[in-house]
Amino acid sequence: MKIINCPLNGPRNSSEFVHGGELREMPDPNNCTDREWADYVFYSDNQIGVITEWWLHAPSGYWFIAERHTGSDEILRTYDPSEIFTKRVEFSAKAESSQSEEITA
Amino acid sequence: MTVIKPELFHSRSFIYRKHRQAEFAEVNGAAQTLSYAGQDDPLTGLIDLSVLPRFGLRGPQAGEALIAAGLLHPQQPNSLTVSDDGVMILRLGRTEYWVLALPNAAAERDLDALQQQLSGPGIYPVYCHDSYTWLALAGENLADIMAKVCAVDLREDSFAPGDLVMTSLARVGGIICHHQMAGKPVFSIFSDSASAGYLWDALLDAMAEFEGAPAGQNFLLSSQ
Numbered sequence: 003m004k005i006i007n008c009p010l011n012g013p014r015n016s017s018e019f020v021h022g023g024e025l026r027e028m029p030d031p032n033n034c035t036d037r038e039w040a041d042y043v044f045y046s047d048n049q050i051g052v053i054t055e056w057w058l059h060a061p062s063g064y065w066f067i068a069e070r071h072t073g074s075d076e077i078l079r080t081y082d083p084s085e086i087f088t089k090r091v092e093f094s095a096k097a098e099s100s101q102s103e104e105i106t107a
Numbered sequence: 019m020t021v022i023k024p025e026l027f028h029s030r031s032f033i034y035r036k037h038r039q040a041e042f043a044e045v046n047g048a049a050q051t052l053s054y055a056g057q058d059d060p061l062t063g064l065i066d067l068s069v070l071p072r073f074g075l076r077g078p079q080a081g082e083a084l085i086a087a088g089l090l091h092p093q094q095p096n097s098l099t100v101s102d103d104g105v106m107i108l109r110l111g112r113t114e115y116w117v118l119a120l121p122n123a124a125a126e127r128d129l130d131a132l133q134q135q136l137s138g139p140g141i142y143p144v145y146c147h148d149s150y151t152w153l154a155l156a157g158e159n160l161a162d163i164m165a166k167v168c169a170v171d172l173r174e175d176s177f178a179p180g181d182l183v184m185t186s187l188a189r190v191g192g193i194i195c196h197h198q199m200a201g202k203p204v205f206s207i208f209s210d211s212a213s214a215g216y217l218w219d220a221l222l223d224a225m226a227e228f229e230g231a232p233a234g235q236n237f238l239l240s241s242q
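Residue numbers (the numbering used here), protein chains in the order written: chain A, 3 to 107; chain B, 19 to 242.
None of these hints come from the bench; they were simulated from the model. Please note that the accuracy of each hint is not assured.
A partial selection of chain A residues facing chain B, derived with a Cβ cut-off under 7 Å [to be verified]:
| id | residue |
| --- | --- |
| 1 | GLU18 |
| 2 | SER46 |
| 3 | GLN49 |
| 4 | ALA60 |
| 5 | SER62 |
Non-contacting residues of chain A with respect to chain B, defined by C-beta distances greater than 12 Å in every case (computed) [stated by the list, open to error]:
| id | residue |
| --- | --- |
| 6 | ILE5 |
| 7 | LEU10 |
| 8 | HIS21 |
| 9 | GLY22 |
| 10 | GLY23 |
| 11 | GLU27 |
| 12 | ASP41 |
| 13 | TYR45 |
| 14 | ASN48 |
| 15 | ILE67 |
| 16 | SER74 |
| 17 | ASP82 |
Here chain A is said to cover these stretches of chain B; the calculated rule only asks that three of the stretch's residues, wherever they fall, bring their Cβ under 8 Å from a Cβ of chain A [as the list claims (entries may be wrong)]:
| id | segment |
| --- | --- |
| 18 | 52-58 |
| 19 | 152-159 |
For clarity, every value in this text was computed on a predicted model and none was experimentally measured. Glycine included, C-beta positions come from ideal geometry on N, C-alpha and C.
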């Protein structure tokens, strides 16, 4: 079985891991177009080469980042997301239109 | 005198129906198995501790709150501490901890009060009581038994007392914690409550060739 090196738990069988998709910069959810949001959520580039991905170590519920070559399927490096995400990501709620307020009132 | 049975309580172990031949005592508003009737102590025992009190906390302030409360703080993720009065603390990540009362402390320590004390800004609760089953595997040949269901090397030289691993065992996710009680090595196993019955049977099956059998908490408290 393939072995993946989890930054928290060490080398483990790949059956303990779940793929979480490519790591990409999130567009501003309040101001981006639907196409940009769909591109972020659903579509992947499907390129050959080294890509940066989210992976989950399922038994510990631990998300980390891996750099993987899509051709050879070799995992080159795994690391804690704190290397990239240094502060909490905050979301501001989109202001609802006044029309919907009238309907619910 | 009323005979204590799991059915007397609303709070029950997920696998209380498996303990037909057992004697119980009331702990934490539920029935804890004390011993299995008509049975000598086995070489290796599997004990259901699911009803014992425990809670979890996580967040940037969680570690400092544990230290401020005078509890033993595990230095590294994937390690644990056990205090003299039987409070076990697991460190499951950089900022996630579980606090548990071992059988010798479950009656005395008020974990509800401790949980109140360990709250505040930067600390979030983690629910680990009703969602996780707690099984303890204690006695001889623990690493050999676990080798049949788990891919991680759990022999003493790579998995010392005070270590814990989060991995899959018998194909379900779980946390395995190595500690000692009454001079016996103990592997405390935490796994999703939904698969508790399956895991109980799978571990008993793995133990069978090592003369393992189900037991109660008295097995953990009596020295060999």
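- [ ] Would you check whether the claim that A:HIS21 is not at the interface survives, using Cβ distances to chain B and the 12 Å cut-off?
- [x] holds, 16 Å
Task: Verdict on A:TYR45 as a residue remote from chain B, using beta-carbon distances over 12 Å - done: holds, 30 Å
- [ ] Against chain B, does A:ASN48 hold up as non-interface, every C-beta pair farther apart than 12 Å?
- [x] Consistent with the label, A:ASN48 stays out of reach of chain B, its closest Cβ about 30 Å off (over 12 Å).
Task: Status of A:LEU10, Cβ more than 12 Å from any chain B Cβ - done: With a cut-off of 12 Å, A:LEU10 comes too close to chain B, as the shortest Cβ separation is near 6 Å.
TODO: Let me know if the C-beta of A:ALA60 comes in closer than 7 Å to any C-beta of chain B, holds or violated.
DONE: Hint holds; A:ALA60 Cβ to chain B Cβ min 6 Å, cut 7 Å.
- [ ] Decide, holds or violated, for the assertion that all CB atoms of chain B are farther than 12 Å from the CB of A:ASP82.
- [x] violated, 8 Å
Task: Status of the hint placing A:SER62 at chain B (closest C-beta pair under 7 Å) - done: Holds - the Cβ of A:SER62 comes within 7 Å of chain B, reaching about 4 Å at its closest.
Open item on the list: Closer than 8 Å Cβ to Cβ for three or more residues is the test here. Does the segment 152-159 of chain B pass it with chain A?
Closed with: Since 0 is below three, the answer is violated.
Task: No chain B beta carbon within 12 Å of A:ASP41's - done: holds, 32 Å
Open item on the list: For the restraint on A:SER46, tell me whether the closest CB of chain B is nearer than 7 Å.
Closed with: violated, 27 Å
- [ ] Grab the minimum beta-carbon distance between A:GLY22 and chain B and tell me whether it stays above 12 Å.
- [x] Its Cβ never comes within 12 Å of chain B, the nearest being 16 Å, so this holds.
- [ ] Could you check that no beta carbon of chain B comes within 12 Å of the beta carbon of A:ILE67?
- [x] A:ILE67 is indeed farther than 12 Å from all Cβ atoms of chain B, at 15 Å.
The structure shown violates the earlier hints numbered 2, 3, 6, 7, 17, 18, 19.
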